[in-house]
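Undergrad: First to last, the sequence lines map onto chains V and U.
Using the UniProt record's numbering, the first residue of the first sequence is number 1, and each one after it goes up by one.
Using the UniProt record's numbering, the first residue of the second sequence is number 1, and each one after it goes up by one.
If you are wondering where the hints come from, they were derived from the structure by calculation, not from laboratory data.
Among the hints, erroneous ones may be present.
Example chain U residues on the side facing chain V (calculated, C-beta under 7 angstroms, incomplete) [said to hold, decoys possible]:
(1) Ser-314
(2) Ile-315
(3) Ser-322
(4) Ser-362
(5) Met-364
(6) Lys-393
Even for Gly, the Cβ is constructed at its ideal location relative to N, Cα and C.
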Amino acid sequence: NYRHAANVLSIYRSVKRLGIPDSHIILMLSDDMACNPRNPRPATVFNNENENINVYGDDVEVDYRGNEVTVKNFIRVLTGRLPEATPHSKKMMSDETSNILIYMSGHGGEGFLKFQDSEEISDIELADVMEQMWQKRRYNQILFMVDSCQAESMFLKFYSPNILAVASSKVGEDSLSHHMDHSIGVYVIDRFTYYALEFLETVDQNSKKTIQELFKCCPKHKCISTVTYRTDLFPRPINQVLVTEFFGNVRNISWTPDLIEFSFFDSFKTN
Amino acid sequence: MNQAEASESSSEPVENEIELVNLKNEDQQLNQLLIINTIYYIVVFVLIGLPIWIFTTSTYRASLPFDSIDQLAKSLNRIEYKINIEIINFNDELTADILNKAISDLNIRLDKDGKNGIELQFEIKNRVATGEEKKLALTHKIELLDQVVCSDGLNKLHMIILDDDSAKKIVSEDQYLFLNCLYLNKNLAKDTERLSKIVLGEFLHIEKINEEYRLKMDVERRLPSKKDIRVVNFDNEYEVTFSWLNERPEVYSKWNVDECVEKYFSKISDKLSDFIKISIKAQTLLYSDFGSYTLSYSKLENESFYYLRQSDLSIMTNFIESRLGAKISDSSALEFVTYLPNKEPLYIAKNLQNVKDSRSVSFMVPRWGGIYVYNPKDENQSDDLIRVEKAMKTFLTQFINLIGIDLHKSSKVVPRSGIYSSEIFGYLLTKTLENQLNSINTLNSLSLLLTRIKSMVIEDDIAEQIKTSVESIEQSLSLAKDGKIKEAFFKSKIGFLSSEKAFFDKSLLEKLYFPEDQRFAIYIPLFIPVGIPLLLSMKSVIGWYKKQKIKTD
Numbered sequence: 001n002y003r004h005a006a007n008v009l010s011i012y013r014s015v016k017r018l019g020i021p022d023s024h025i026i027l028m029l030s031d032d033m034a035c036n037p038r039n040p041r042p043a044t045v046f047n048n049e050n051e052n053i054n055v056y057g058d059d060v061e062v063d064y065r066g067n068e069v070t071v072k073n074f075i076r077v078l079t080g081r082l083p084e085a086t087p088h089s090k091k092m093m094s095d096e097t098s099n100i101l102i103y104m105s106g107h108g109g110e111g112f113l114k115f116q117d118s119e120e121i122s123d124i125e126l127a128d129v130m131e132q133m134w135q136k137r138r139y140n141q142i143l144f145m146v147d148s149c150q151a152e153s154m155f156l157k158f159y160s161p162n163i164l165a166v167a168s169s170k171v172g173e174d175s176l177s178h179h180m181d182h183s184i185g186v187y188v189i190d191r192f193t194y195y196a197l198e199f200l201e202t203v204d205q206n207s208k209k210t211i212q213e214l215f216k217c218c219p220k221h222k223c224i225s226t227v228t229y230r231t232d233l234f235p236r237p238i239n240q241v242l243v244t245e246f247f248g249n250v251r252n253i254s255w256t257p258d259l260i261e262f263s264f265f266d267s268f269k270t271n
Numbered sequence: 001m002n003q004a005e006a007s008e009s010s011s012e013p014v015e016n017e018i019e020l021v022n023l024k025n026e027d028q029q030l031n032q033l034l035i036i037n038t039i040y041y042i043v044v045f046v047l048i049g050l051p052i053w054i055f056t057t058s059t060y061r062a063s064l065p066f067d068s069i070d071q072l073a074k075s076l077n078r079i080e081y082k083i084n085i086e087i088i089n090f091n092d093e094l095t096a097d098i099l100n101k102a103i104s105d106l107n108i109r110l111d112k113d114g115k116n117g118i119e120l121q122f123e124i125k126n127r128v129a130t131g132e133e134k135k136l137a138l139t140h141k142i143e144l145l146d147q148v149v150c151s152d153g154l155n156k157l158h159m160i161i162l163d164d165d166s167a168k169k170i171v172s173e174d175q176y177l178f179l180n181c182l183y184l185n186k187n188l189a190k191d192t193e194r195l196s197k198i199v200l201g202e203f204l205h206i207e208k209i210n211e212e213y214r215l216k217m218d219v220e221r222r223l224p225s226k227k228d229i230r231v232v233n234f235d236n237e238y239e240v241t242f243s244w245l246n247e248r249p250e251v252y253s254k255w256n257v258d259e260c261v262e263k264y265f266s267k268i269s270d271k272l273s274d275f276i277k278i279s280i281k282a283q284t285l286l287y288s289d290f291g292s293y294t295l296s297y298s299k300l301e302n303e304s305f306y307y308l309r310q311s312d313l314s315i316m317t318n319f320i321e322s323r324l325g326a327k328i329s330d331s332s333a334l335e336f337v338t339y340l341p342n343k344e345p346l347y348i349a350k351n352l353q354n355v356k357d358s359r360s361v362s363f364m365v366p367r368w369g370g371i372y373v374y375n376p377k378d379e380n381q382s383d384d385l386i387r388v389e390k391a392m393k394t395f396l397t398q399f400i401n402l403i404g405i406d407l408h409k410s411s412k413v414v415p416r417s418g419i420y421s422s423e424i425f426g427y428l429l430t431k432t433l434e435n436q437l438n439s440i441n442t443l444n445s446l447s448l449l450l451t452r453i454k455s456m457v458i459e460d461d462i463a464e465q466i467k468t469s470v471e472s473i474e475q476s477l478s479l480a481k482d483g484k485i486k487e488a489f490f491k492s493k494i495g496f497l498s499s500e501k502a503f504f505d506k507s508l509l510e511k512l513y514f515p516e517d518q519r520f521a522i523y524i525p526l527f528i529p530v531g532i533p534l535l536l537s538m539k540s541v542i543g544w545y546k547k548q549k550i551k552t553d
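Extracted from the complex, chain U is given alone in its bound form (with noise of 0.2 angstroms):
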């Protein structure tokens, strides 16, 4: 018995000894299996859901050209311009060395004068009228002429020198003919002080382009003088109405405003379609409610005529306004309004002080149209139907100058028959400066604003707006650096248009991206009671390393 108890006794501690080593093992085990399970939460969260919330976090942007962008950005301090000069010369007595040298003159003050602004490379090609095209100049029919010599597009300015006959009847001394070419005598021909002047002045209207780029290059954005505000903002479409406001539709009923748009608007406004979209619309309003505003007429004793004073009318052309409906087209409206009063005669006083000699029937209103006062008695009016070729023909000349087409002065041996192709180019030229310019602007304030605000969401179509308006734009410069302004007006249309069109974007508004501190806050309930966990055991990993690697040392 005692040697059975004293076997168990030792036996005892030889157990107790193989339990506790069995225990340590075990324990071992367990810290082994404990550590691999932390590492293995840690490379998951690490591997997984890391990338898991940056990516759902993280807003859409499509890539964008912003180096482009700088590029035009900068070649804005130096943009250059070709014109095409062509002359022909129809004189004889004028001969090659003396017209050559007469060139290469011009071509010197040209340069010299034409570099204030924007850059104007001038290239002057010369060369002798055929045999045809002199015996054209000889008829003197100067509009065939004209029609079959500057018939090669608009991107040249052809100077004609006339022989001394055609020019003694067509161009007297010291003058001009200012077609669709420029026609002149052989001693304006050698003036070339005078010639270079009317090139810059009133072919390519240099004063106006370097303003309009003096200011698109000031900082402090000072608005100049010059700057002619009554023109409209180019747009790609122009929305025309032509609106009868009658106050008296008991006795006048009806008006031949078609007929009078296609007689004379149309043949202006379908010459320029080629280059801008203009829709003509027209419409009639009757009694004329201007709510609690009357026009206060004003009548002098002796005279029999109503009149409105010039303080009156920007109050009378808000009233007008608000009847018109024109605030439901998208494009830019222009409104010509033809006003037919209750009390008739009435009349618009250009001078208060001599309101009978300085009466007027119509007056513009910058950017927005004109208005025509008709009154019966002076239109020879018989019947109700009221004829509006006099208002028609005040609306063309204002609708005109709205647009910012600058006419030549008009001459008295050739009559007017449309608008003559080198103005045509000389409104072409400003305009694709202004998109040009304004687009580069443009895409400038966008790639500062998308850089400032990295979590703003750029979609797909924005980011090809954007390529598309740097591509066009780019295109435009060196087309026009090319000397090919018509096609570079084209490229700057689309340019400036698909500029607008990205900048103004509803998407682009900062309220919608995903802002800084959501990004955290959302994902920090989910990752802090897992993180500091990991984070805290984290220290046993390295310790329980540490030991292994003293083991295996």
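With the rest of the complex left out, here is chain V (with noise of 0.2 angstroms):
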């Protein structure tokens, strides 16, 4: 729907204005709405009424499209089974030294994920995959997120270590969307992303603030589902741990060491 694909294009932008960059982005949208002629807006993207971002725009670099995004190919991303030809963008080139954020939303039920109207993801796939993941050392730390009706039912099998996880709604609960966008004429962005975006809003590169916070940002007057999470797999506390481990920027920038001095430097004289 136009609002799925809303969300992750905002959230893809949060991230990437937080610092990271494409190169550490696998961005699978089915990329269906832009230019779908069903749009009143051609090429354009909006995530609120006002219409005033188009998350669309330009420096978007879907990495996955259309009849790519499958089931497969998704857990050949997370494991790295995937063709030798693949260049790096499509491939998550991680260790163990790798925080990994992974967002997803779509229609779901009870113990699955719906992709592209023809298949599913199960909740035992997904937790089979983060396990093959911790046994390769693929990761250090991974912040799962799922918008979807009965998201919770995504996580609640994972068994590998440190891991945390938020859904938008319980089992048995439907998330639902925030608002519509009368010109358009669909829902365009749903709630639980609505009040998270909101959130990093407010976040910046140096900022301190907590995943608990982050957790916290819908209650369930906003929400009206009630977000869930699951911490019982990560070592510390989640007031301990901050948004900008899985959503800031990977650089660290060093300073170049005193040079190194070759005999041969002098053997080479400038004008």
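Put the two chains together into one complex; each comes in its own frame, and the hints tell you how they fit.
TA: The structure is reproduced here in structure tokens:
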């Protein structure tokens, strides 16, 4: 749906704004909204009825679009089992020092999330994939966010360490969308993502805000569904984990050490 | 008439009896036929049908050396490396007994301190310098001595105890000189405590090695604070790209990168080419289009230069990176960018309290590369060709850091002509251990995965890769135990690359195997309609068999 695309693109923009480069982001989008014949604003996707930010604007790098967004490819990206000729932009080159943020949005039910109208990923598969990543030391910490109906069911079966998970609704509840844009005619964003984005707007690269604040960004009267989270697999308490550990930049600039003087430097005379 | 009727009527019961008996016999024969038919069906079902079902629904699994992988995983608890040290005595005043005593003392210290992670064994040999070597030493041409004496390969540390004269000139009091060999004076040779610290710290980088070992063995995988995450992960091939981001192409149009690469960079990358492949590329980019991002320059009131803050640098790197085309290649990439800005002179302020004195023109990005800001005014620019010698020197230092080679302290006596074999030895030692640990972990998790999912297909080439990896790692471990670190490195490289290739093969996806429930689901419509009647008729077969037994008894 339109709002699922808007959800994902908005989170993508937030993450880029906070300093994560495209080489470290894998964006999987069905990409059928911006140029959809029913879209009255062609080549745009808005996440707000004010239509002030086109989240599908310049500088959006979609790594997997259309038919490539399948459960198989998703699992391939996470476990790293891609064909050899895949370019680096489509691979997740993570190792034991990487913190990974996984954000998923779509239609879901108890124990599954729908991919593109024809297939679904189950909670058991996802839990097994997480375990494979742990075994191969492909991550240090994972933050798993999912915005769909009965989203809690997607992370209940996880059993690998160092994973934090948050979902927009409990099992048995539906996640609701936020508001409709009457000129486009569809709901443009979901509640949980809307309030999460609102919170992320207040975060910058040096922010000390914690994950606990992020998890509590959408209380029941705002989200209507209950935002649930899981912290038992994580060694530290969530009020000590910074949001910027997952959403912030990856580059710690260091200064060049003292220049090494080689004897052959003098052999070449400059003008 | 009555007699005929009577005879007829009397024959009828007889005929009826005969018919009854005949019918009974026929019945029995029919019954027998039916039973034999049923037995035939059951036999075909069991002997032909079931095997066909089993063979067509089982997945192909090439045989794997699970036992060897278990052995390797166990061997992680105790990794032994042997280090060969050869001491060459040039000093006549240092007698053999004093030297031998010092050596045994050194051996004891090294053995004790070298067992906090991996276990290091030391083999220390000593000999007296030959006449020729002594003559060379008297000339005080240390580079020549270095080349002649330390030329027998990488697997040894040579320690040279200089005679008092040379020592005064080359190695002043209490100091040492670490080139290809380690040069000491006789006092330091007797100070075994300090000597062992030098060997363990500067030559073997024992802290780094033990941290790596502890990280890999820690079940909770707590990242140690000392892990140097600036260094790129080990790879067989590195692609180094020199890019020139030129914002003033109307004035400057050429750069002399090929000269600089040849004169400076290749000297180092060629020396390393025995061990890792380095390919070098260069490109020019004009008018950096950073999209919606504009570099936030700052300017102090009374100063005439612009500067960037440290907090802006990572975002600047992100936008530069998006223009570099680094995503195309397959191997690990290192990017070195020379940035010629629009507003010049442009510096980077290391310290915002004192911008003027803390200006810099370059910075390093961990695991990525480095950026050098080229200000034509500072570089005495005269024409449209920019000369990047200074940039190249900076990039060379950054490159050596990023690859992970630790260099000895620079010496004022002997200018450095390249990377010393003792430094390469340190690099090989670290990387060999890293590769061995990574491969064993990968193989272990692969074997866990494959035993857990019994129906995942394992093709022949994956099995080959795994076998190659296991053999190479086993050989690498035994070579390292034997002291042949260089050969162990090459084997560990093969082991590491094949284990990664096998683990990340695209056919090892769970969704591709024959799911357990499909095994039955496909064949049930075939087996049930035939199977159930057969099962039920088993009852009558057993009944008939029992009857036959009673008859024959």
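Undergrad: Could you run down the list of hints and mark each one as holding or not?
TA: Hints, verified against the model:
| no. | hint | in the structure |
| --- | --- | --- |
| 1 | Ser-314 | holds, 4 angstroms |
| 2 | Ile-315 | holds, 6 angstroms |
| 3 | Ser-322 | holds, 6 angstroms |
| 4 | Ser-362 | holds, 5 angstroms |
| 5 | Met-364 | holds, 5 angstroms |
| 6 | Lys-393 | holds, 6 angstroms |
In summary, this structure violates none of the numbered hints.
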